[in-house]
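Asks: Each chain, written out:
Number of protein chains: 2
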Amino acid sequence: MFDPVEKLKEFIRCPSVSADPKFAAGMRGAQEFVSGLLSSMGFAVEVVKTDLHPIILGHRGGDASWPHVIIYGHYDVQPADPLHLWQSPAFEPTIRGHRMYGRGAADNKGPLLTHLAAVAQLLEQHPALPLRITFLVEGEEEMGSPSFLPFLQRYQQTLQDADFVFLSDTGIPHEQQMVITAGLRGLVTLEVEAIGPTSDLHSGLHGGVLLNPIQALVDLCASLHTPDGRVNIPGFYDDVLEVEPWERAELAKLGGREEDYLKFLGIDAFHTPPGVTPFEAVRFYPTLEFNGIGGGYQGEGGKTVIPSRAFVKISCRLVANQSPEKMKVLLEQTIAARAPRGVQLRIIAGHTGRPYVVVPPGRTNTPPDQSPVLARMFRATDAAVAEVWGKAPLYLREGGSVPIIGEIKRVLGLDSVMMGLFLPQDNLHAPNESFDLEIMKKGIETSRRILLAIAQP
Amino acid sequence: MFDPVEKLKEFIRCPSVSADPKFAAGMRGAQEFVSGLLSSMGFAVEVVKTDLHPIILGHRGGDASWPHVIIYGHYDVQPADPLHLWQSPAFEPTIRGHRMYGRGAADNKGPLLTHLAAVAQLLEQHPALPLRITFLVEGEEEMGSPSFLPFLQRYQQTLQDADFVFLSDTGIPHEQQMVITAGLRGLVTLEVEAIGPTSDLHSGLHGGVLLNPIQALVDLCASLHTPDGRVNIPGFYDDVLEVEPWERAELAKLGGREEDYLKFLGIDAFHTPPGVTPFEAVRFYPTLEFNGIGGGYQGEGGKTVIPSRAFVKISCRLVANQSPEKMKVLLEQTIAARAPRGVQLRIIAGHTGRPYVVVPPGRTNTPPDQSPVLARMFRATDAAVAEVWGKAPLYLREGGSVPIIGEIKRVLGLDSVMMGLFLPQDNLHAPNESFDLEIMKKGIETSRRILLAIAQP
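Here the protein sequences line up with chains A and B, keeping their order. Quick note on numbering: the first sequence equals residues 209 to 665 in my numbering. Quick note on numbering: the second sequence equals residues 209 to 665 in my numbering.
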């Protein structure tokens, strides 16, 4: 059995920044590291070419009656800039205390190695384990996984034979509390450009005769919410389901304090729809946010100009049962219908992501309609977490979006069991990213126990 | 008598960009050019030091009973960038057709030389002309004249002895129509910053719990107008005076076509308050315009962020009888009163400019309350324009602001007679600026006749 800490160092030393072509060698190194490790563990490795970075498949087959789990991870990392803010070099793994520092330590090299180590240990102990395992490790996660959907469609036959997906690419609130992410929000993004006069105009010579494109834009944007904090698009909430009592109960167990959250955000008041707490708002409700706005003069001091154009970037987060395609049409139609005279509104479509939700059978009175193997997986998870962490996991939705999880559900029909391993202090996507090696140790033991229980119910 | 065309070439060859310290030598050259020319014309030259660029005073004294005219101009120019768009070098004067090309040709070197040439010619013909003349030529006009008010206050005693100010730093609609600018709008500028969370936030993890600073900003901005195109600030229109019938009659003579104006602007509809034509809106009514807006992610594609801050730059144009100080307070109070919970609004004061209006006695039934010399000046202007241009001038307000004109009125009590010389095709502040030498010739003759008539009524 390999030493997971030493392997993590080796993995971090491959600077696998997928978004930057300068890191091609690092990407190759990381890909070879994963392939090599899987081979050494006895897996049949298949490196699937894509338009950009290959996807690695590692197969452990077996009898068709055995359960089949796909374990997902990604070998690419975020860029490390700004480099000067790192206390130790981004691609030179360094242990301080019980943390391993380095880009990708937490996202996603540490968590991926957690599962690799668990499987290696398990198979050493039980070489004949009746469990089929497919590692699916992509290299474009930090770029929005552009090759993933075409890959899923191409490999649909092979992959949909699995029973569920198991992964660690989400977080936990603190060292003592395991969280299984039971839902993710979906996404629709777009940009609106307000197009006015042919060129920028002198605001003295022409001010007062025409609708300023910035004014047209702010009027539109202001119309997209009601004063009480709801999204003002007809039909926006139509498909939102009532939140189940078990979800509220689970959230209550998290026990976050609103004052602490306010302090963390650095604001003096929340802004949520009537009757909705901030902890609910971020998990159970859709949003419309302005991600960026620009137009006219933005430099020092002033310039008395009426700009020719202005733009806004909008993203909506969607919750379970909302269709990104339908919401995209709603949004575009509403904006188009609110276009004023004198300024054209041009809508530039962005991308969409499907929301996702899964129901753990142990928390509900009416058992969800899911496969016996998935139900077993949840029971195994509850048991393993209770043993290793000393208390039951929480099943919580998260406000973020991982569009591939929804696509896996849509294309392959498979649910995902997302075991959180990131801590808030891991600094994902930021300088001095690190991974807690104690969490890794507990994660390996948890994963090992879960997989063992699945194989030997 | 000097050759005004040759002198204009010489003047343009001094690259006097006041805003850029790299052009210090050009500024010195232009200043010496003006001082030298005034000396050669027999004027007593005084170069007044300021914090930045000197103000040149050229005095022709005389008996205290003689009329006293201040002729204003500026020797600084706008930056010439982007240089590659110039057909001939910006600071190498080039004649094509009957136009002189070069930065500053029209703004303001040509028009200033027009009056210098008129005076030179006049004094050659009438060496004992009973007229006191003070040339007042500044070097910071293109930077907003920061030294001008302190200068006015320091030289108040000397300058308020004059009867009026005469200048050419405004425009005419076409070669056949002289316009005397009878009014200018005032100005109040400010910036509003909306300050939300301590740092930019992930719009998935936190979207839905807080008021996005962009949303706070667009809500505020959208509240500043009513849908019918009026400014929605209580008291904003309180001090606006009814427009006199003679002004509407004068504007009617201009005879602009709305279709042509729409086409020029490149829009499909005007946006003016109810019952106000675009030609009236730009001259007779105050405005509130957004000059720039910014916040969050503005690059290619999208980034799902909730920004920590967003800002907007606002300017109001004011009309006669509106006080910039009062309007500034109104504006700031209204914005502060509309601050939402959860986002702070920080107001950064900009600058203010006083509106200006003057009434030509020949157009009104009730003679305006003004000095006999000023009244004579208007009659002289009417007569000279009729002779040289073949028809009477129009007295029109302009939508732009020249704050020094209002300050001269406030500090010195002097009115200004603004004889337009720019044509729309002169490309002020843009590449390939030029000045029409035929207009210059007519301008010299008009100015000469006006000044002669003032001296010898």
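Calculated directly from the structure, the hints in this document are not laboratory data. Fair warning: there could be bad hints in the mix.
The list makes no distinction among identical chains, and a pair is therefore deemed to hold if it is satisfied within one copy or across any two copies.
With a Cα cut of at most 30 Å, we get these calculated DSBU-like pairs of lysine-lysine [unchecked claim]: (1) LYS230 / LYS617; (2) LYS649 / LYS511; (3) LYS534 / LYS471; (4) LYS471 / LYS511; (5) LYS217 / LYS650; (6) LYS599 / LYS471; (7) LYS617 / LYS471.
Asks: Can you tell me if LYS534 and LYS471 fall within 30 Å by alpha carbon in one copy, between copies, both or neither?
Replies: Neither. Shortest intra-copy (37 Å) and inter-copy (39 Å) distances fail the 30 Å Cα cut-off.
Asks: Have a look at LYS599 and LYS471 and pick one of within, between, both or neither, based on CA distance no larger than 30 Å.
Replies: within (28 Å within a copy, 72 Å between copies)
Asks: Checking LYS471 and LYS511: alpha-carbon separation at most 30 Å within a copy, between copies, both or neither?
Replies: between (37 Å within a copy, 24 Å between copies)
Asks: Should LYS230 paired with LYS617 be assigned to within, between, both, or neither, using CA atoms and 30 Å as the limit?
Replies: Classified as neither; 34 Å inside a copy, 64 Å across copies.
Asks: Please work out whether the CA atoms of LYS217 and LYS650 approach to 30 Å or closer within one copy, between two copies, in both situations, or in neither?
Replies: Cα proximity of LYS217 and LYS650: one copy only (18 Å, versus 83 Å across).
Asks: Give the relationship of LYS617 and LYS471 under a CA distance limit of 30 Å: within one copy only, between copies only, both, or neither.
Replies: Neither, since 37 Å and 54 Å both go past 30 Å.
Asks: Using 30 Å as the alpha carbon limit, work out where LYS649 and LYS511 are close: within a copy, between copies, both or neither.
Replies: Answer is neither; intra-copy 59 Å and inter-copy 34 Å both fail.
Hints 1, 2, 3, 7 from the list above are not met by this structure, while the remaining hints are.
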